[in-house]
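The listed protein sequences correspond, in order, to chains A and B. Mapped onto this note's numbering, the consecutive letters of the first sequence carry residue numbers 1 to 115. Mapped onto this note's numbering, the consecutive letters of the second sequence carry residue numbers 1 to 112.
A couple of the hints might just be wrong.
Unchecked claim - Computed list of lysine-lysine pairs in DSS-like fashion (alpha-carbon distance at most 27 angstroms, straight line):
1) B/36 to B/51
2) B/69 to A/24
3) B/69 to B/27
4) A/78 to A/68
5) B/51 to B/68
6) A/24 to B/68
FYI, nobody ran anything at the bench for these hints, they're computed from the structure.
Listed below are the residues making up each chain.
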Amino acid sequence: DAGVIQSPRHEVTEMGQEVTLRCKPISGHNSLFWYRQTMMRGLELLIYFNNNVPIDDSGMPEDRFSAKMPNASFSTLKIQPSEPRDSAVYFCASSLFLAGYNEQFFGPGTRLTVL
Amino acid sequence: SQELEQSPQSLIVQEGKNLTINCTSSKTLYGLYWYKQKYGEGLIFLMMLQKGGEEKSHEKITAKLDEKKQQSSLHITASQPSHAGIYLCGADGGGTASKLTFGTGTRLQVTL
C-alpha cells in the first residue's frame, strides 16, 4: 500500500481564497483524522471520522473550516475564506481502530501558506 | 480532557550520548504511542505501550510505561544523527473513541 496520500504537498494562496486539502487513507482503515501543526500550538486534532461519519469536530477552529468524507477512500478539508493565521502544516492520518489498539498512520502533510 | 506534557521541550546531545524524554498525562493512560517526526515530514510510529510496567525496545530506543500508568519515558542509547527529529507521545483515552491526544513534542538535535 502507498500509505496515506495527501495533496497538494504545498499550497500558497492569498487571504480570502478558498483552499481545499485532499486525503486518501490507507485501504481498509475505518478511521480518518485531520490535524493541524504549528510551532505555537503543536499538533491539534481538528476532526475525525469513523466509517465515514464525523464523530468529533470540536477541534475545528471556526465555521470557515469544513470537512467531508464522501466515501471510505477520500476526504477533504476546506477553508473558506482563508486567513493568514490558517498557515500551518495540515496532516491527515488513518487507522484501523480496534479495541485496545489505535496506531495511526500519517500522511506527509500539506504545508499551507496564506498571504 | 486529557493533556500530555513532554519534557524537555528541546534537547541537544552529542553523538554517542544517552538521553531520556518524558511524557506525563493528566489522566490514566490506556494506550501510549510514541511517534517520531523529521522536519517537513509526517509522523512515523515507533511503539505502543499499554500495560503498567510495560517496556518495549526497537534498535536503540526503549520506551516504558510506569506502574501508575500516567507517565512514559523514551530512552535512546548511544544517540546517532539519524535520531534527530521531533518525538511526540500520543494517548488513547480508552473507550470507543479512536482519537489520540498528542503531547507538545520534544525536539532532539544530535551533534557530531
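We went through each hint and held it up to the structure:
no. : hint         : in the structure
1   : B/36 to B/51 : holds, 21 angstroms
2   : B/69 to A/24 : violated, 34 angstroms
3   : B/69 to B/27 : holds, 9 angstroms
4   : A/78 to A/68 : holds, 9 angstroms
5   : B/51 to B/68 : holds, 10 angstroms
6   : A/24 to B/68 : violated, 38 angstroms
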